[in-house]
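2 protein chains.
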Amino acid sequence: MKLYEFAPAPNPRRVRMFIAEKGLKIPIEQVDLMTGQNRTPQFLAKNPSGGLPFMELDDGTFLAESVAICRYLESMHPEPRLMGLDPRDQAEVEMWNRRMELELFGPISRTLQNTHPMFKARMKQFPDYGEAQREAVKARLERMDRELEGRPFVAGDRFTIADITPFVAIEFGSTMGIVSIDPSLQRLTLWRQSIASRPSAKA
Amino acid sequence: MKLYEFAPAPNPRRVRMFIAEKGLKIPIEQVDLMTGQNRTPQFLAKNPSGGLPFMELDDGTFLAESVAICRYLESMHPEPRLMGLDPRDQAEVEMWNRRMELELFGPISRTLQNTHPMFKARMKQFPDYGEAQREAVKARLERMDRELEGRPFVAGDRFTIADITPFVAIEFGSTMGIVSIDPSLQRLTLWRQSIASRPSAKA
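Those protein sequence lines, which keep their order, are chains A and B.
Counting in numbering that gives the first Met the number 0, the first sequence runs from 0 upward without gaps.
Counting in numbering that gives the first Met the number 0, the second sequence runs from 0 upward without gaps.
Honestly, the hints are just simulated from the structure, not real lab data.
Just so you know, not all the hints are guaranteed correct.
One copy or any two copies: either way a pair holds, since identical chains are not told apart in the list.
[Claimed, not checked] 20 Å max Cα-Cα, derived DMTMM-like pairs, lysine to aspartate or glutamate: (1) K24 with E148; (2) K45 with E148; (3) K119 with E130; (4) K21 with E55; (5) K201 with D156; (6) K45 with E146; (7) K45 with D88; (8) K119 with E141.
Computed from a predicted model, the values in this text were never measured in an experiment.
Using the sequences plus the hints, can you model the full thing?
In structure tokens, the structure reads:
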């Protein structure tokens, strides 16, 4: 197996963190998103959608989409379980991972794409919409703080992919200057510190 | 089990179609999204996020998020397989389902929310952004037409959840007057007719 990725981007980091939690060693090749290397014929032949990361599997086929890659790794290397223990638990983890992706990661990305100078040359920006998304991010983080009451992790009592998704989204948004967590959100602050202290957070 | 849903909305239809393909009979209770019944204390106690559909399981717990509900049903009632046959195939189906959700269903929803009179009273609209999303939908449908070359279904040679997601999104967008498929997109047109002819499309 081999992972094609662009280290600074959040989706690749999700997969690296998942791989690190599994204790796997998978070769990595960097593809430069900033110069559009992922859109060259060489890479479009491997992943026609042009996104990163994607994985080359041992049979020579390619698999894209971060969560699909993680699910494949979970099947091939089940321990430690990061996507649930049994059907009920797997559905619970998927529910939370989707909420974090659709309600937090998505709005963070759209805030960035519509307000950050980095994206100005790459797409038409709608700054007012971006500001509204920034408010949606803020509201979702406040809700996340309430959801963490009485549970150390997003999906309950153990670390799962549903922690990786919001952690990576928050760290990326924070690096880009569009997310900051108010210290009054104590549960969220503690959760973030706890996830940041895991060795996989440095992967 | 019991499904709480609002029949006209696209996410509930995804789950109903999945249930119909499985040949399952699950009691359904309507929750009126238009009058905000899903936001009453009675329903927030069952699904704090306020979304629809959600499922009451036999142990009395609740599960939300359409794809999480589908995955649970797939585990409990594996045949016919709608989310892949083995780990590699499951990852392939997940890849395609996510693409359809993030790249097609998402932009259709955002076009609607930002341009349709129905949403005017419910959220702040950004019509220019909505128009740009409408263009993104059009471009994604054209790409989908190319992707369907040589394959009858989105994820390959058999019907899966990765067909349900775009079909429901397209039908909903079409009903709301924001999606129309150009007849020159022949593969997409044929695919849509083929999915529409399945009994589950009427569920």
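Hints and how they fare:
Neither within a single protomer nor between protomers do K24 and E148 lie at most 20 Å apart by alpha-carbon distance, with minima of 35 Å and 36 Å respectively. Taking the closest pair of Cα atoms, K45 and E148 come within 20 Å of each other only across two copies (17 Å); inside a single copy the shortest separation is 44 Å, beyond that limit. Taking the shortest Cα distances, K119 and E130 sit within 20 Å of each other both inside one copy (15 Å) and across copies (18 Å). Taking the shortest Cα distances, K21 and E55 sit within 20 Å of each other inside one copy (18 Å), while across copies they are farther apart (33 Å).
In this assembly of identical chains, K201 and D156 lie within 20 Å of each other by CA distance neither inside one copy nor across copies; the values are 22 Å within and 41 Å between. Proximity of K45 to E146 under the C-alpha cut-off of 20 Å is restricted to the inter-copy arrangement: shortest distance 14 Å between copies versus 40 Å within a copy. In the homo-oligomer, the alpha carbons of K45 and D88 lie at most 20 Å apart only across protomers (17 Å), although the nearest pairing inside one protomer, at 34 Å, exceeds that limit. Within a single copy, K119 and E141 get their C-alpha atoms no closer than 29 Å, and across copies no closer than 25 Å, so neither meets the 20 Å cut-off.
Consistency note: the structure conflicts with the earlier hints numbered 1, 5 and 8.
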